[in-house]
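Visitor: Given the coordinates of chain A, assemble chains B and C onto it according to the supplied hints.
Protein chains in written order, with the working numbering: chain A, 1 to 244; chain B, 1 to 288; chain C, 1 to 348.
A couple of the hints might just be wrong.
Unchecked claim - Here are the computed lysine to any residue pairs in the SDA-like style, where the Cα-Cα straight-line distance is at most 25 Å:
id, chain 1, residue 1, chain 2, residue 2
1, C, 130, B, 263
2, A, 126, A, 170
3, B, 160, B, 140
4, A, 126, A, 75
5, C, 130, B, 243
6, C, 130, B, 269
7, C, 288, B, 115
8, C, 7, A, 77
9, C, 130, B, 274
10, C, 7, A, 112
11, A, 31, A, 57
12, A, 110, A, 77
13, A, 110, C, 197
14, A, 134, C, 319
15, C, 130, B, 117
16, A, 110, A, 81
17, C, 7, C, 28
Honestly, the hints are just simulated from the structure, not real lab data.
Here the structure is a predicted model, which is why all the values come from computation and not from measurement.
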Amino acid sequence: MSDDAHILTTDKLLMQFGGVTAVDNVDFSLKEGELRCLLGPNGAGKSTFFKCLTGQLTPTAGTVRFRGEDVTGWNTHDIVNLGVGIKTQVPNLFNGISVYENIRMAARRKHLKPMAREKAEAMMEKCGVAHLAKREVGLLAHGQRQLVELAMVLAEEPSLVLLDEPAAGMTGDERDRLADLVLETARSAAVIVVEHDMAFIRRIAKFVTVFNRGAIFREAMIDEILSDRAVQEIYLGKQADVAA
Amino acid sequence: MDYALIIVIEMLRAISWLVLLASGLAIIFGMMRVINFAHGEFLMLGGYITIMSHNAGVNLWIAMLILAPLCVGVFGVLVERFIIRFLYGRILDSLLATWGLSLLMVGGVTLLFGNTVQGVSTPLGGVSVGEYQLPVYNFVLIGFAALLMLSIWAVLKFTKAGLIARATMQNPDMAETLGIRTTWVYMATFGIGSAVTGLAGGLLAPLTGVVPSMGVNFVGQSFITVITGGASMIAGTLSASTLLGSISQGMTFLTGPVYGDAALLLTALILLRVLPQGITGRIFKKSL
Amino acid sequence: MEKNLAKDIGFWVMLGIGLAVMFIGPMVWGLFEIMQITQYVVLSVYALSLAYIWGFGGILSFGQAAFFGLGAYTFAVASINIGETTLPFALSFILPALFGAALGYFMFYGRLSDVYLGVVTMVVTLIFWKLINHTAGPEYSIGAARLGGFNGIPSIPILNVPGDAGAWLDPAQMFQVFMGILIIVYLCLRLIIASDFGRVSVGIRENETRASLLGYDIRRHKVIVFAIGSGIAGMSGAMWATYQTFIDPNAFSMEMSAKALVWVMAGGVGTLAGPILAVILLQWLSLKLGTMHILNNYFILGAILMGLVLLLPRGLLPSVRMLAERLWHMGRQKMEENAASRKATSDV
Chain A
1 MSDDAHILTT DKLLMQFGGV TAVDNVDFSL KEGELRCLLG PNGAGKSTFF KCLTGQLTPT
61 AGTVRFRGED VTGWNTHDIV NLGVGIKTQV PNLFNGISVY ENIRMAARRK HLKPMAREKA
121 EAMMEKCGVA HLAKREVGLL AHGQRQLVEL AMVLAEEPSL VLLDEPAAGM TGDERDRLAD
181 LVLETARSAA VIVVEHDMAF IRRIAKFVTV FNRGAIFREA MIDEILSDRA VQEIYLGKQA
241 DVAA
Chain B
1 MDYALIIVIE MLRAISWLVL LASGLAIIFG MMRVINFAHG EFLMLGGYIT IMSHNAGVNL
61 WIAMLILAPL CVGVFGVLVE RFIIRFLYGR ILDSLLATWG LSLLMVGGVT LLFGNTVQGV
121 STPLGGVSVG EYQLPVYNFV LIGFAALLML SIWAVLKFTK AGLIARATMQ NPDMAETLGI
181 RTTWVYMATF GIGSAVTGLA GGLLAPLTGV VPSMGVNFVG QSFITVITGG ASMIAGTLSA
241 STLLGSISQG MTFLTGPVYG DAALLLTALI LLRVLPQGIT GRIFKKSL
Chain C
1 MEKNLAKDIG FWVMLGIGLA VMFIGPMVWG LFEIMQITQY VVLSVYALSL AYIWGFGGIL
61 SFGQAAFFGL GAYTFAVASI NIGETTLPFA LSFILPALFG AALGYFMFYG RLSDVYLGVV
121 TMVVTLIFWK LINHTAGPEY SIGAARLGGF NGIPSIPILN VPGDAGAWLD PAQMFQVFMG
181 ILIIVYLCLR LIIASDFGRV SVGIRENETR ASLLGYDIRR HKVIVFAIGS GIAGMSGAMW
241 ATYQTFIDPN AFSMEMSAKA LVWVMAGGVG TLAGPILAVI LLQWLSLKLG TMHILNNYFI
301 LGAILMGLVL LLPRGLLPSV RMLAERLWHM GRQKMEENAA SRKATSDV
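With the rest of the complex left out, here is chain A:
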């Protein structure tokens, strides 16, 4: 299989901590411009897999390729500079600085000062945080922080966007806005979303990869996955069977 149309692939990716295998020989591929959701019960290895993609962890074995280039074990900033936008599970923001300044710093990576200012303002509008522009990020609610972080990610105009639990802690309205943003982003970039929030998943998902015990359990369209007995089982355990 050629890597031509694939923006991201992993080949036998293995991540072990001491005696525990968190990611078990995963072969994964994502096409350019594709939107993929990563699902699976707690401890399935989704976040660990995610961290191997972002450079936060160096895999024990196997490779990660971005547009054919081997980026396994690269530093995070080098991966980001290839055009990858990353939103971590726990929001990472500059807490003592304003929302506007946070986003402007992100925009500044790609634009000169005047353009960066415009871009930042546009991003704030888009993500619905313009009314918080001067507020100190550290004082915001969790859901708002997530939106700010998303704005920062998008401000750098990445071609691959990696989102780890972006909907966590959001209100219904915020979640709707997030879903719209993700769908819009997916029109021009490839997106991987790791999520637990089923309501959110249903709004955005098309093709889904389900993890279980560190390996890919199933890959299919969202409707198939939702009605798949085996998938339900791994989420609920065998009790579902007994109850039925």
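Guide: Frame of chain A, contents of chains B and C only:
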């Protein structure tokens, strides 16, 4: 052959020296992540108590092994209650406050005892090893260092208090929910760590004499040993002391004390570069 | 936080005060005061070096004295050998900066952080201190300059007018030149901090992960910040050397490193003016206490330090600022209440 024996004993002595210097600091750092910048002055205090009380007629061994640890331990508890307690989690602030404390102690001791070096001769004389003479006191140091490490390990591993201490070290919040009064644990730890330091100060006093400003020399070595050792109290202190002590003593044998000191520091630098979380940050990770 | 530098009143006030002191000082003060204040100026530059790397770069160094001493000794050795002071003075910035870059590379590319980083910087200073202390014999010399070991290096040339080796600066002139240097250092640091580079450094201090997620190589950034701080510290060391015409290994002492920490902490981490204030206050205090002989100098200083940490943990400047803000708000509230009550009564 005799010379080889001498080298081994001297190495052990150098390692023991570091163990004694660093143990008190390691106990406190290992438990509470507090850096006591006045550590050198605690040592100094132990030394002064030993020598002053001995000069006043107290038996040297009682002064060294009972009086010094007792007084410095109590002092430690007071320091914890009145100063350290407010600074948990604030590494920088605890650093600066304890640095202030160290200045205070130097000034205080100078006021009480003046600025000149006071000494006492090393007890127990010498012993012959082949055609060489060794101070018997070396073995006292080695013995006490070993005893110290063993006691700490035994207490941590086999006693209820030790279990409580380990629980609090690993997860203070969890310990609280189990009914452990972490404030008491911290107070006791600081007190015990100070007592150990006081003991060390007493033991080392006959070798160096005491003067109010002596703390400065020891702070560096203690810090380096503890930080290079990493988070584990015993494994960290032992591994760091062994490595640093033997290398520096080895260098001293070959080239003299100046380069011996430099070798210790350089080794620490390299170690930290290779193992940025200290030795027990990577190796022996879960050990005591 | 992202105030435009030109609009920052505090900045202009500092600049104004600095220039005023520089030009009016020698006219108002006698020789003794001038020499004392020169001390404050030199130590302020030293304090600024740590204030920058710590407050605006997130690098807590326990060994700033390493560069102070390095700069001092570089100046001493170079000026004794060359006979003129201009090049040595430049070297006293360059050499420590280069060493700082090398050490920074060693530390930051090794992913050293917090306490461990602090200890490495402390160890480096200790190494310098120990080695220099043992260079007492005549065999330890660089060119015509004997390192002197614990005796130090005496008869260090006084700063001369560039190009004219015989034209030494008198105390008043030295004071003005040093004041000028302090002002320039302050200005440059403010400019750096307001620049894109500076903002990223502050970002790194706030959240390293976020900075690298934006694509910044935080290691490279830290090395540059650290090198700048090292150069400034080195330069202050040279200033000290030529002011005293004498330098000894105490320049590398733990006490010297600790003083920098105290000044920045007491003045307020994250400010530049605060540490300068702290230098003046604490040095003045030391001097006064030294002449009073009531209690021991160390004793009082230690008590003050502990008091500061326990009572004013954010440092002098931020605490004063907070107090001022609170008073301002209280005052405004009072005014509004008065206006409202007046309006209510007038409605009758």
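Visitor: So which of those numbered hints doesn't the model satisfy?
Guide: 3, 4, 8, 17
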